[in-house]
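2 protein chains.
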Amino acid sequence: MTQDGGKGNKGQDKKAQQYGVTPQSVDFNDWYNEVVKKADLADNSPVAGAMVVKPYGSALWENIVRWLDDRFKATGHESLIFPTLIPMNFIAREADHVEGFAPELFTVTKIGTEELAEPYVMRPTSETIIGHMWAGWLNSYRDLPFLHYQWGSVFRAELRTKAFLRTSEFYWHEGHTAHADEAEARAEVRMILDLYHEFCRDILALPVVRGEKSASERFAGAVSTYSIEGMMRDGKALQSGTSHYLGQAFSRAFDVKFQTREQKEDYAHTTSWAISSRIIGALIMTHGDDAGLMMPPNIAPIQVVIVPVGRKDNFDEMVAEGERLAAQLTQNGVRVKVDRRDGVTNGFKYNDWELKGVPVRIELGPRDLEAGVVVVKNRNSDEKETLERDLAVGGMVERLEGIQAWLLKRATDFMLENTVTVDSYDDFKAAIEDGKWVRAFHCGDPESERQIKEDTKATVRNVPLDDAEFFAEREEGGVCFHTGKPAAYGKRILFGRQY
Amino acid sequence: MTQDGGKGNKGQDKKAQQYGVTPQSVDFNDWYNEVVKKADLADNSPVAGAMVVKPYGSALWENIVRWLDDRFKATGHESLIFPTLIPMNFIAREADHVEGFAPELFTVTKIGTEELAEPYVMRPTSETIIGHMWAGWLNSYRDLPFLHYQWGSVFRAELRTKAFLRTSEFYWHEGHTAHADEAEARAEVRMILDLYHEFCRDILALPVVRGEKSASERFAGAVSTYSIEGMMRDGKALQSGTSHYLGQAFSRAFDVKFQTREQKEDYAHTTSWAISSRIIGALIMTHGDDAGLMMPPNIAPIQVVIVPVGRKDNFDEMVAEGERLAAQLTQNGVRVKVDRRDGVTNGFKYNDWELKGVPVRIELGPRDLEAGVVVVKNRNSDEKETLERDLAVGGMVERLEGIQAWLLKRATDFMLENTVTVDSYDDFKAAIEDGKWVRAFHCGDPESERQIKEDTKATVRNVPLDDAEFFAEREEGGVCFHTGKPAAYGKRILFGRQY
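Protein sequences appear in the order of chains A and B.
Be aware that the first sequence starts at 1, since it is given in our numbering, and climbs by one per residue.
Be aware that the second sequence starts at 1, since it is given in our numbering, and climbs by one per residue.
To be clear, the hints were calculated from the coordinates, so they are not data collected in a lab.
Treat the hints with care, since some could be wrong.
Heads up, simulated EDC-like pairs for lysine to aspartate or glutamate below, C-alpha to C-alpha not over 20 Å straight-line [to be verified]:
id	chain 1	residue 1	chain 2	residue 2
1	A	Lys73	B	Asp202
2	B	Lys73	A	Asp40
3	B	Lys337	A	Asp426
4	A	Lys457	A	Asp413
5	B	Lys110	A	Glu99
6	B	Lys409	B	Asp202
No experiment lies behind these values; they were computed from the predicted model shown.
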């Protein structure tokens, strides 16, 4: 985002063809950046590290927000809105927390012409200010649990930024809950992790591995951090959501205490959890192909695009017919758009919608109209089908379900095919170098993790849970591939390079 | 918000009774602050001038957002997300704009440990950065119009703050559109003003006056500013939404130009418009009474509350029965809550829901259950009705519509009764002192406005449009009540004290 999205922006697509993007196999990074721009998802901004989310990206994010928000409410959570600013001294109150975030903080030192004695920071996350407020709201165990969340921006300075994946300002929900005991808090952490897993699998068609982070990869201040990890098409991992058990650390720092059922005083056990706008990066990098994006139908802003292919003298008539067809599909709950643009060729339109990843395209020409048929093309296939119009309309929901399932299967197969099991450091290094994920026994020593990272750029992604959908098998008695010490965790754990 | 909402918060309601709030007639300001707190709408925060919006307030805001957002989309607008920060030099580029906002700016001077050569400000509004981005996106008249909006926070330092009404951080949508000519831009400005008017009248039950601001009350940088003005129950006005025609000023400052149909170069004509979280303040202060809030059913987070009134031995049974009743109402599209709390008295619950302004309360006791009846009470009435259960369920939608209409009528009558027509400065001063709005002829001289404000704290609210719902009559030949000069505007205009 350091390059400005303003005037300097026009006509710069060197490697890409007129309509297309650099193929993934040629340069995955260029492919990504071009897709983000050309699909109208986001643009660079004049603010260091921040992006502008454009209409198509914003519509996608709104769908994500709506699904999650409905589920948060359905599971008893309440939304609140906390200030964007946090007094600097709050951040400092939890020792690990400040160490983790200090280098990334945006600091407000002035309001109007007045220099502030006590600066504010733009929130990198809100545990501290929420803890402070909770202290005022909490009296008795009867008040608990607090099941809170908010949607908003957070701010963490990034040197090397990449739209959606790593931006200085990003968008998320942050869940914050407080409980009377550890068991209830840990159940919440797990429930949310499972909710995230379900969302990724069923809505975004992203297979993800549920697991616990190693100590050195924990959230700043957490007792336990759980994550869902997905594999991108270049083999790198992307941490797609996190759920933290914070113990009583923040409660002690902010005096979040209550009278227990037994009339004693205790500190609340708290949790926090988040999925951010980087999930859009995961979606792009999991489902794309050389032609651009592939939007999972269950989240796609546009599920079906209708392209009227008339000539000048009957274009308006074809558009009107397209609108009628769209109305039929809309009645069936399908999200449809009619491409009314004139002044661009049909070829341009086709490429444009392929690039934007719209799951189904319907072409509607005058001869098709006469014959009572339409031409249907799925984004994940090269074939065009000519179908009776009613059949095309009637089968659309099922067709979209088919594409959704196809995307999940493709991504799952890819992840499984690109994960290897190793028992030596040489094999480990070769696999990582080859862009794979690795399953291996590890001793759990943070110093060993540090060394591995230095050598290979690979880190522990997570320790898959016993009931994680993937890589969950328990295997006792293993030996660390790196140190030769006895394995921790009672199972092979997951390593990979990450975004 | 300068007082902290944290630990200092507990047990401070001096004037109010155990359950209630200070009556409006005793102290409107205390009434407002107590209602905001006790109804769980918002709390003070440890950040100067910022509030915390609590669950009930957040649910209300979400309903507001959803209605407006649907309408923006239905009228062809697209959402985007722009950065929260703006380079300081952007603000300075439009002369009136910087003069208007400079004293209120939150300035970021540091990221991590690095002092910034060019500081950022937290956006007070986004015309400048959006103009900058548009310059990069706009080439030809074919690209226009841009019909954009975003939801988010903005930041304007406030010395004396008041929840929802005046906070340093507040929540809003800001619409920003760009057009090829003035007529289209002005039509947009008007369309949005009418949309706001409809929203206030039909959803929030707020009668508002559509009109144009006088020159001295315009938005910083605008050619024309239109507003909707509502009357609070203390007679003060609250500007509840604004829609601005910005001419080409921001386009020139940010180089937002395009090739016209005639192959010439021109600057876009831009607009901006907003309704913010202060509309919640308007809602509270328009519809409340001595017992607390009165939520208009069309926006109420909870339209019907069911209070099971069992004793210890049958309370669970009554709650279960309440859930069955709730399910029936939910099926009819009614938003219902069952009050499952034990450990508080029925009287406490009744007062609590009255204070929160829930439009209808249903009481459900064991004897009612046997008799097949329920007790129903409307928030806007002192009477309880005993109704056959099916009748109560079947008539609920109509009942809610009746309450909605009652609220609009009460507010409209109040506004009309408390607006007086005057022709002399003495009458003007007396009316303003008496908490009225005034309709009067005015010469249009900004210096006269300034003097009137200094004398009376009253300002021009707006010049009602010819088709404003209220106070629209044209009357030629009037004489200014203040200067004796010929009247401008061709009609009486609206003065009042304001929030």
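Against the structure, the hints:
1. A:Lys73 - B:Asp202: Given that 20 Å is the threshold and the Cα spacing comes to 27 Å, the pair is violated.
2. B:Lys73 - A:Asp40: Answer holds: Lys73 of chain B to Asp40 of chain A is near 18 Å, not above 20 Å.
3. B:Lys337 - A:Asp426: Violated, at about 62 Å.
4. A:Lys457 - A:Asp413: violated (24 Å)
5. B:Lys110 - A:Glu99: Given pair Lys110 of chain B, Glu99 of chain A holds - Cα atoms ~17 Å apart, limit 20 Å.
6. B:Lys409 - B:Asp202: Roughly 12 Å separates the two Cα atoms, so the pair holds.
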